[in-house]
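Working from the sequences, and respecting the hints, build out all of it.
2 protein chains.
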Amino acid sequence: MSKKVLVVGGVAGGASAAARLRRMDETAEIIMFERDEHISFANCGLPYYIGENIKERSKLLVQTPQGMQNRFKIDVRTHSEVTQVNSARKTVTVKSKEKGIYEESYDYLVLSPGAKAIKPPIPGIGSNKIFTLRNIPDTDTIKSFIDKQEVQRAVVIGGGFIGVEMAENLRERGLEVTLVEAAPHILPPFDTDMAVVVEQELENHGVKLLLNDGVKSFADQGDTIDIVLNSGMSLNADTVILAIGVTPDTGFLKDSGVKLGNKGHILVNERLETSWPGVYAVGDAIEVIDFVTKQNVTIPLAGPANKQGRIAADNIAGLASTYKGTQGTSILKVFGLTAASTGNNERSLKKLNIPYKVIYVHSASHATYYPGALPLSLKLIFNDAGYILGAQGVGSTGVDKRIDVIATVIRLNGKVADLAELELCYAPPYSSAKDPVNLAGYVAENVLAGRTETFTYDELADYDKENTLLVDVRTELEFQNGHIEGAVNIPVDKLREELNNLDRDKPILAYCQVGQRGYYASRILTQHGFNVKNMTGGYKSANAQNF
Amino acid sequence: MSKKVLVVGGVAGGASAAARLRRMDETAEIIMFERDEHISFANCGLPYYIGENIKERSKLLVQTPQGMQNRFKIDVRTHSEVTQVNSARKTVTVKSKEKGIYEESYDYLVLSPGAKAIKPPIPGIGSNKIFTLRNIPDTDTIKSFIDKQEVQRAVVIGGGFIGVEMAENLRERGLEVTLVEAAPHILPPFDTDMAVVVEQELENHGVKLLLNDGVKSFADQGDTIDIVLNSGMSLNADTVILAIGVTPDTGFLKDSGVKLGNKGHILVNERLETSWPGVYAVGDAIEVIDFVTKQNVTIPLAGPANKQGRIAADNIAGLASTYKGTQGTSILKVFGLTAASTGNNERSLKKLNIPYKVIYVHSASHATYYPGALPLSLKLIFNDAGYILGAQGVGSTGVDKRIDVIATVIRLNGKVADLAELELCYAPPYSSAKDPVNLAGYVAENVLAGRTETFTYDELADYDKENTLLVDVRTELEFQNGHIEGAVNIPVDKLREELNNLDRDKPILAYCQVGQRGYYASRILTQHGFNVKNMTGGYKSANAQNF
Ligand SMILES: Cc1cc2nc3c(=O)[nH]c(=O)nc-3n(C[C@H](O)[C@H](O)[C@H](O)COP(=O)(O)OP(=O)(O)OC[C@H]3O[C@@H](n4cnc5c(N)ncnc54)[C@H](O)[C@@H]3O)c2cc1C
Ligand SMILES: Cc1cc2nc3c(=O)[nH]c(=O)nc-3n(C[C@H](O)[C@H](O)[C@H](O)COP(=O)(O)OP(=O)(O)OC[C@H]3O[C@@H](n4cnc5c(N)ncnc54)[C@H](O)[C@@H]3O)c2cc1C
Ligand SMILES: CC(C)(COP(=O)(O)OP(=O)(O)OC[C@H]1O[C@@H](n2cnc3c(N)ncnc32)[C@H](O)[C@@H]1OP(=O)(O)O)[C@@H](O)C(=O)NCCC(=O)NCCS
Ligand SMILES: CC(C)(COP(=O)(O)OP(=O)(O)OC[C@H]1O[C@@H](n2cnc3c(N)ncnc32)[C@H](O)[C@@H]1OP(=O)(O)O)[C@@H](O)C(=O)NCCC(=O)NCCS
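Residue numbers (this note's numbering), protein chains in the order written: chain Z, 1 to 547; chain W, 1 to 547.
Only true hints are included.
Since copy identity is lost for identical chains, a pair holds within one copy or between any two.
Pairs of lysine-lysine residues, derived as DSS-like cross-links and limited to a Cα-Cα distance of at most 30 Å, are as follows:
{"#": "1", "residue 1": "324", "residue 2": "357"}
{"#": "2", "residue 1": "73", "residue 2": "540"}
{"#": "3", "residue 1": "99", "residue 2": "4"}
{"#": "4", "residue 1": "55", "residue 2": "540"}
For the record, the hints were derived by calculation from the structure and aren't laboratory data.
Have a look at this one:
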């Protein structure tokens, strides 16, 4: 007998599950419920449509209910909200615009309701000038508000991906944009040293940043709105975009008996089955295992949602398929800059008390002698066994490639030594004979093998200035153009001549511009019996931290 | 006591070995011999300097002898050719411009003499209008010939990487360019179906291609030169660039007793040590192990040369380090197109009688709803156990990234199932929620699991036309715009309605534009009891083969 499968939610996870299930099972009865009018839309494209980078609205609609019917024989029911799952009798209750309230039975059920924007009960939050962005109706509302009204000043609350994308897109439409972030820095997947580079890019393009500050209240002022911040500062704008995070859209499951996490996420096993047999859940609404730390986490991203949908479908179709965890590989365009990351950052590792080491490589997107090479910074985080815990990259071009490669090594449980050995595409327009990823592998290997000891700019404050010698090994010109206070200048190329003038009893802290010459200096000094550490990432990484 | 280490050859492999050795061993005496004037130059940039994409000659010189002395305390001896290795007394004989002939002793020796252009004894080859390209003097000669003379027409002999890069660069300088290739197609690392796309790009940019034809003789005609081909065709040009491959520059080792391969390459073990203990060899001059097939091969590329130099140095410094083989990951820019490959192609696997399967994915560089998405084709070659044997990619952008990721999976001994699970960076400007690499994994998995059977356009000729049904499952419009002879058109979205009109006893061969709808059709038909195969890569791959 053919299976009857219901799917709740018709976008990334739900539509992927339904399509894959049909391919695996031609006879199943598949019904997909979607609360809204649209299915299979490009969530990730919404900010760019508002910013008019994507010109045609129709491009956002990847599939239509009719298309899903024609191609996959899927009964798509839009304007149909599932308000309840009745697991005992294996039915869902549906509130349909067209058909009213009814029950539909299932053999299997896939839940992919996604996540909705957080709207905290701040005074004045009800203003019709405050918007959140999740779907096509939200998009239409924001866009027509901006198109029609004389909107010139926007405040974006929240410096996560959606907030930053909205800030960029509104700015590109010529608005005055202020971005307010409660944390000390924007973009939670990144550590401060990388996030500040993005912050600089935003400011360079005229986005005003207010960090370490949250919203206390909103108040309409005729055609404008006041935003009062916790610091006491008050802003006035024509519109507010609220993008302070998402919460799983699982209200309809609240007292259903299905196991939920403490923030309302659905709990699943590695086959993505919930605590109810035969009921699967995927996408933004579930808790997943962090691929690196094996902890439960919530990572609302489209790639994982799509993959999970496919895996749930496979299990329903009888194909053994498991989800092995999420790395959180993510990427963001910010004007001319790309920021990407995979795995864990320092902040999350510290929270979990997981020991780690960090190195930086500041290199170029491709061979510097070929036109168009642009700076590219990689931060690599790894443990004593050589396993890679995370990586972050910032630059104008080629960042996605390097983070993808490192994400691949993480996924295959590779080590830093593998990064060193990777044989990647090289011709001058694309890379260097030693790709930045290879260099990151070399640098990390050298640290692990104890060939060089490193310190970070952060740690500099802890040193006893009296009893250490801070040596800037860059050229005299570089030194004159700015250096760390208290440093003496001995260019690496003259270091061997100066060895006898150095106090062997004093530990040396060396640094250069990016960490490479400092490493060379550390090798020379170590082998001549000095106690020396090199500042990883050099003056460039230090500078990024705004000292 | 400190080691005395000699290095023969001062560019990619040699200079890398010398620099790394100094970092690992501050006390070693290191002497680097280079026959020419320049060391550490950017071989790979030479065509682009001739083409004036790289404007400053100085940019080609990555390091100088003085720079190597200052930074790495390396005694660089240019204009110093090593003419003999006297392994019994552990010396080399040096022919120095400055110092005449002398012997220099060693404890360890690194050989990185590279490879030189093949110049076969064709009649007329001595013409001063015929050039090969390997180093700075060659570059200067070619560039000044083109700059000064009224050179308007060039013939490039050889369609390998250097030949194609030269054709592109000369064309970009406005020359009339004809490229002559003896094989049926250019670019040996690629199979025909991918190479033809590059051939089209060359022709679209005005490069004339003559395939399946070689040179019989050259003859100077005053200021021009005649090139007579094997076919009898005769060309006339102002200059000829000869780029038909390279041969190891190991003449000085010929009767030395060191073990050489049958084409003169130096044979080494996995520590890159030659048959002479303490003598290491790296780079273009050695035979390496193919990482995938474990066969001996010769792969003259800069990435491997650099890495090998570092490994040889490590071994001399007493660090255990081995070279695990070369994949041949390589990449080429051809006007607006990128072609990249890693691992083996069909041709090489066939030669070795290694069974394999092939799939294609024709996808886009990033989400198609975001501006600038361009076509991207991947070809994946794998075996029955799911291991990846090779991959090739062609497109305008994003090709390097996808081949790098697949090269990484190959290096870590991953399988096609791993491609499916990779969590790669996704935001609309960079990729799709299902990255083309994920899709390649899905498609390959479906083939391996027997969920769909595929055939290639090549194989179509073998089918019994009477007893098979060739079904084009694209739309009517697509069908009308061109289809394979003998096909009937049943759009996939109407296939379910037509099932009863199809002869169940006839095997069906389905195809669509890129292979995806054909796969959907195959799933529908298989589950309804039909015997069906889908043409992988679809009409697009078929078309690429110029039917
Ligand atoms: C503006 C924006 C930009 C983004 N950019 C990126 C990006 O660049 N990269 C990236 O990886 N991710 C991005 N994301 C996140 C990505 O879109 C999500 O991770 C992904 O869509 C999650 O898929 P899902 O199926 O879980 O939820 P969704 O795709 O949100 O689908 C859930 C659907 O379920 C419906 N639904 C909810 N409850 C019910 C119910 N009870 N009954 C019926 N229907 C219901 C909802 O209406 C919704 O349409 C972005 C998200 C947004 C909003
Ligand atoms: C035009 C061109 C473009 C290229 N483009 C690319 C590319 O895009 N990507 C890529 O991966 N690879 C490319 N390559 C190949 C790459 O340059 C080589 O693989 C790499 O340089 C090999 O390093 P090697 O040390 O073995 O030899 P080389 O770099 O050639 O160095 C060998 C040196 O040894 C010297 N020498 C030889 N014999 C003696 C002797 N007896 N005594 C003293 N000195 C001696 C030679 O003069 C030479 O300078 C290109 C090569 C060329 C010529
Ligand atoms: C449109 C949508 C329903 C399509 O889902 P889908 O059919 O699973 O995904 P795709 O269109 O990428 O097709 C993938 C399938 O085609 C197959 N395929 C792709 N290219 C192929 C080729 N060249 N040859 C053979 N098969 C191919 C894949 O193997 C896969 O099939 P499988 O899962 O059975 O292995 C779903 O992706 C969707 O709703 N997207 C919009 C919402 C969204 O994802 N938002 C977040 C990002 S903005
Ligand atoms: C110039 C040349 C001598 C440099 O060789 P090299 O010093 O080995 O290579 P690089 O300059 O890339 O430096 C790599 C070293 O710096 C270290 N390094 C790089 N960035 C670093 C950073 N941010 N922090 C610390 N160390 C860093 C690496 O770990 C590596 O050292 P290791 O090998 O001891 O681990 C050599 O590459 C050369 O001759 N190149 C031109 C010829 C050529 O390659 N041609 C073919 C391509 S066109």
